Amino acid sequence: MTDSIDRRRFLKVLGVTGAGAAAVSACGIGPEPTERLIPYLVQPEDQIPGTATYYATTCRECAAGCGVRVRVREGRAVKLEGNPDSPINRGRLCARGQAAIQGLYNPDRVAHPMVRNASGTFEEIDWDGALQRVTAKVREAQGKGIVFLTGAEQSTFGDLVDEWMKQVGGRRLSYEAFGFEALRAGNRLAFGTATLPTYDFANAKYVLSFGADFLDTWLSPVEFQNGFSRAHAFDAGRPASMAKFVYVAPRLSLTGMNADEWIAAKPGTEGLLALAMAQVIMSEHLARVPADASRLVSVLAAHTPRAVAQMIGIDETTIARLGREFARSGGGLAVAGGMATQAANGAEVVAAVNILNYVVGSVGTLVKFGADLSVGATNTFADLTTLTSDMTDGRVALLFVHGTNPAHSLPGAFQQALAKVGYKVSFSSYLDETAASCDLILPDHHPLEQWGDSRPRAGVIGLQQPVVQPVFGTQPTGDVILKLSGKTGTFLDYLQAKWRARHAANFDQYWMDSLTKGGVYSDAPTRPVRLATTGATFSTAFAEVPSWGGDGDQTVVVFPHPALHDGRGANKPWLQELPDPVSKIAWHSWVEVHPDTAAKWGLATGDLLLLQSKFGGQKFPAWITRSVRPDVLAVPTGQGHSAYGRYAKDRSANAFELLGGQATVYGGRSFIVRTTASKTGEHQRRIATIEGNVRDLGMGTTEVLTLARAKALHPGDHPFHFEETPEYAKDAVEWWADRQRDKAEIGNYKGEQPRWGLAIDLSKCTGCSACVTACYAENNIATVGEELTERRREMAWLRLERYWRVDEHDNVQGAVSQPMLCQQCGNAPCEPVCPVYAAYHTPDGLNGQVYNRCVGTRYCSNNCPYKVRYFNWYNYAEKGGKYEAFPEPLSLLLNPDVTVREKGVMEKCTFCVQRIRGAQNQARLENRNVRDGDIVTACQQTCPSEAIVFGDLNDRNSRVFELAGNPRGYHVLAGLNTKPAITYLARVVAQDTASNG
Amino acid sequence: MVLILALPPVVLNGQQAQSASSQTSRYQAPVISDTGALKGTRQPIFFRHDIHAGQDQIPCMYCHYSAAVSSEPGIPSLQTCIGCHQVIGGSTPTHQAEIKKVRDAWRERKAPEWVRVHALPGFVRFPHMRHIKGLSTRLGVDANETCTTCHGDVKHTTQIEQVSTLRMGWCVRCHMKNEVTRDCSVCHY
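Listed in order, the protein sequences are those of chains S and W. In terms of my numbering, the first sequence opens at residue 5 and continues consecutively. In terms of my numbering, the second sequence opens at residue 7 and continues consecutively.
In isolation and in its complexed conformation, chain W is listed as follows:
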């Protein structure tokens, strides 16, 4: 099946009511008609990072709230989702079906079981907040812009996949490039 991607910003999902001139540079997430051909992990609810983070420009840490203060990035609670989706119902039948799943989960008090995409083995300690702090200092960008270093271009990704190998060699190479510690006991204890 062919993936339809719109490159010039043509309004395809009818949701945005914008004036044409100022929106030509704003990213519009594509319509996906064949989810089976997408890369990445299938989730119980078809949550699209390209719509939320890309098109709607929600900062990463709006949902992944603890990434800058803790080793855990923080998966958003259902309350975060319902915050918007109690009002936003979706503009196409596909969108509406997925958002209905969110509302059903909230009503039935049954959280969706997301499939974990990025996982490190139990003998590795990865402190998210150190990396966000370090990268934002080094690259001179806001914390929310550092996520792409390891997670790829999430804002333009429909379904999240693991784009970096997350193997130790990959970690160590970046540590060497940035001249930070390579000591074993910093991550393995």
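If we strip away everything but chain S, and leave its shape as in the complex, we get:
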């Protein structure tokens, strides 16, 4: 090739000889402002500046009770990681857990007690004054109705509240917006126990979910995702196998996307499918059915596949096939919940699914009662409606609210009832809707700032300890209640006394061990259960397709948003900017509309649809998708707050407004409602989405194999084809490769170096997006806000691309989720075009990005075929700037090991180079080499499915080397000759056709 002037020389020469060139200044490092060094007065024993200290505590972002380790640098919590000792999450953590520190350092936290003054606004008050008021109010209200409302709180704190309420003659209620009333009632119906069992997904051979979103919002998502991954990921052992996953629901949730088969039964008829399957299993003797199941014969006989096929809208051959597959797998696990249990027959649906498990012998093996999940011990929605009517009738003189926000999830009824309560005290850390309606706010510490414990299930007590000093002038509610009840000591004393009562021998050592491990862990006790029903009520319960509450001609399913859930995540910018795993929409709600329905209405994505039920109406922008039934609309909860801080307030619409306040017959709430849908003529010009094209378009970005094909692979097979280099380009490619080989012999590049690489197993990745939030936390990535996300300026270094999988009839069956991040190409297109050598190839195989060299030409991003380079268009770190991403005190969670980027600088995934260098430094100090497994990237560490593996591709003994050679492995856009360091392992589906969109 010609030795033409290269780009960098050209610009250098241009700069020097250009007319009017500015004087070349000799300044290297500019003048820095004078820094002060403020030493400790007394050096803390366990903290070394510059190194991290880890504290074990318990995550309180949902009721699952995962154990976490908090990485603390110089007294600031900078990252949450899963605690490997906890049997619930085994060292993994979901996106909501990762975002907990944004709750700790939230700029809209209530910093000190506040009281509503005469003019109706809040004003500051001191703690003593506040406590005096409460004491007086308690005295006044005695005998007139005192109620303490908490969230799911099976803990020593809950016990303290119970004790105090008994002392003052009040009562405690616990309220979760998504309670599991149908599950409890269904378990009582089928087995005589209204408790919640634990589910052993890891040992299942066939998973069948009736609306239960066990990967995102059902019971214990991280635990179930980890177990599910063990069963469902393709295991190339002998024999090669994977558990098939079938999802039955009217819309595809995150969980549903990972199914091998989607059965879109009519909403409310899922129980019939379970009964019909059980009928097939029993009548064809496909399993060792327990003897007492014989009493079900008559009710099952009335629900043959033929009898139910029309009502549920699924043909009888499919029903029979499912039944046979379920039984023949030898380890069928059926779970029910969510959208499938929203009708009046919700309990019967659960009971029917219980029967399905029972007849194949999974109860006691894969479904284990005795765990008594704490989320199954909250009060029911019916209890809350009773409370609401008590409040309306003036029978509640004093109300305390802690850890729950009923005014958001029960707008209307509860909000109005609140006005009739004599005096309302909130312990909320944030000014949410409920707190905004209260008379006095005594802000609680954040869970990361206080002592406590939590009992998510039998056998696990998660201990909670303060990992940082309190950020604001708050006080732990436990201390406050002890003072109010006239007891001495702090909540820590109370907690230790309770723990001592459980284990007095050698208590100090026991306490220390528990603190180090993050709690006390043992297996859940198993309680055998017997069938307690003949199914006599089933015929009436399943006689008709349910009609839903409300009036209108549209069936609307309201589902919990995976990140925002019941709205509690809306004040955390990481969760708001996290694109929903299914719709890829951020910062906003939406309504899912099938293309056929949209065509009928002349609707386009972004058109605002007004949904009006008889309880309330809200406008949502439409998202046209085939992942929902044509006769169903679906809206997520989480947005539409009228208070709750700058990130949540006045954003989008509150789906809870569409729902009624009546409890179902089993005490739950129905999240499916009838509404009218009308076009408003308004249009949201752009929905903040990261969606590109939903179809893979044969580009080979995602590869899918059928189970049969995957089983037939041998080491050394190359089942995937990519574009070969065309003849005319072969010389050029070879010449280029030669030049690179020459360059690899110079200086630092000579000699043995690691080549860092990643292996991502798509048969494990569920698309849950925990890795995305972990990356934000680890790498100081800025959140840009809704407006800039609409303009595609989001900064996420790692994004999850979701491609629909379709069957031969072009019906959506599920999706493949692919994490897309910088591929650290061996032959990177971004490196040769950087004029200042900011993008370059490191000796250890990384595509380096030197922030201080970057001048912002953005040519590298232009050249990147994967589009994984992100430019700082604005100064997101500027204090008081328009797009400030870290307003005080949110800046306290920044990782000091990673540079915070300024405007004009390009950034991208670095394979957590700070962790690589940290491990290398540690190894050198210990006079050894880095071992495989020493370096764990943030995404790898948090992934509940363990889909990501990092390591040295040049080390033949490393896990990543083995996975890179796996026959399922491939590179994305391999035909471009970029030689990426990331090997993806193809998704395997337990279907006959390896469908790809």
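A portion of the hints provided could be inaccurate.
DSS-like cross-link-like pairs, simulated, lysine-lysine; straight-line CA separation at most 30 Å [unchecked claim]:
hint: 1; chain 1: S; residue 1: Lys653; chain 2: S; residue 2: Lys883
hint: 2; chain 1: W; residue 1: Lys183; chain 2: S; residue 2: Lys754
hint: 3; chain 1: W; residue 1: Lys139; chain 2: S; residue 2: Lys754
hint: 4; chain 1: S; residue 1: Lys604; chain 2: S; residue 2: Lys653
hint: 5; chain 1: S; residue 1: Lys487; chain 2: S; residue 2: Lys502
hint: 6; chain 1: S; residue 1: Lys170; chain 2: S; residue 2: Lys141
hint: 7; chain 1: S; residue 1: Lys588; chain 2: S; residue 2: Lys653
hint: 8; chain 1: W; residue 1: Lys116; chain 2: S; residue 2: Lys883
hint: 9; chain 1: S; residue 1: Lys683; chain 2: S; residue 2: Lys588
hint: 10; chain 1: S; residue 1: Lys747; chain 2: W; residue 2: Lys183
hint: 11; chain 1: S; residue 1: Lys623; chain 2: S; residue 2: Lys683
hint: 12; chain 1: S; residue 1: Lys209; chain 2: S; residue 2: Lys170
Calculated from the model, a selection of chain S residues having no Cβ within reach of chain W, i.e. all distances over 12 Å [claimed, not checked]:
hint: 13; residue: Glu78
hint: 14; residue: Val119
hint: 15; residue: Thr308
hint: 16; residue: Asp397
hint: 17; residue: Phe476
hint: 18; residue: Pro550
hint: 19; residue: His598
hint: 20; residue: Leu612
hint: 21; residue: Thr684
hint: 22; residue: Leu792
hint: 23; residue: Val902
hint: 24; residue: Arg905
hint: 25; residue: Glu906
hint: 26; residue: Asn925
hint: 27; residue: Asp936
Just so you know, the hints here were simulated from the structure itself, not pulled from any lab data. Note that the coordinates shown come from a computational prediction; the quantities given were computed from them, not determined experimentally. Yeah, the Cβ is synthetic: ideal placement off N, Cα and C, and Gly gets one too.
Using the hints provided, position chain W relative to the given structure of chain S.
Same frame as chain S, now just chain W:
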């Protein structure tokens, strides 16, 4: 003003009670009468490295405790200072005045705000412990003797100044001389 430096070890501050013969080789820190003419950064308390590290032979890492294990060298906590200075009050009025500041700070629980002398920009990651380890291996000396490579002769310096430019060229030259990595991403990430 003239700086008085004593070169043969004449006991000037009356603090040391030593026998003459064995102390002739031991360094005696000079008396400073004009602090204004000193090089280096003025600090809120006139802490003298030449007395503490030079004369009293306190090893560097007695105070800068984390330099060998962390990227941060570690500024000593006030507790470290008070450890000795609760007993040692100073032998001259100047010394006593400065030590009184330490005791006042301890009593009032108000840490002194030292002025930072060595600072690198925010886009550089400098791991102290790697350099101490590397230099002590290469030079074959104890970790405490490696500090002079970059910080100059601290043991004989009254008021600390930045004696090396700390600019990237200076760093890279030493890396090249010692044949260690020059890869950008080792320091810039």
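Violated hints, by number in ascending order, as checked against the structure = Those not satisfied are hints 4, 12, 13, 23, 24, 25 and 26.
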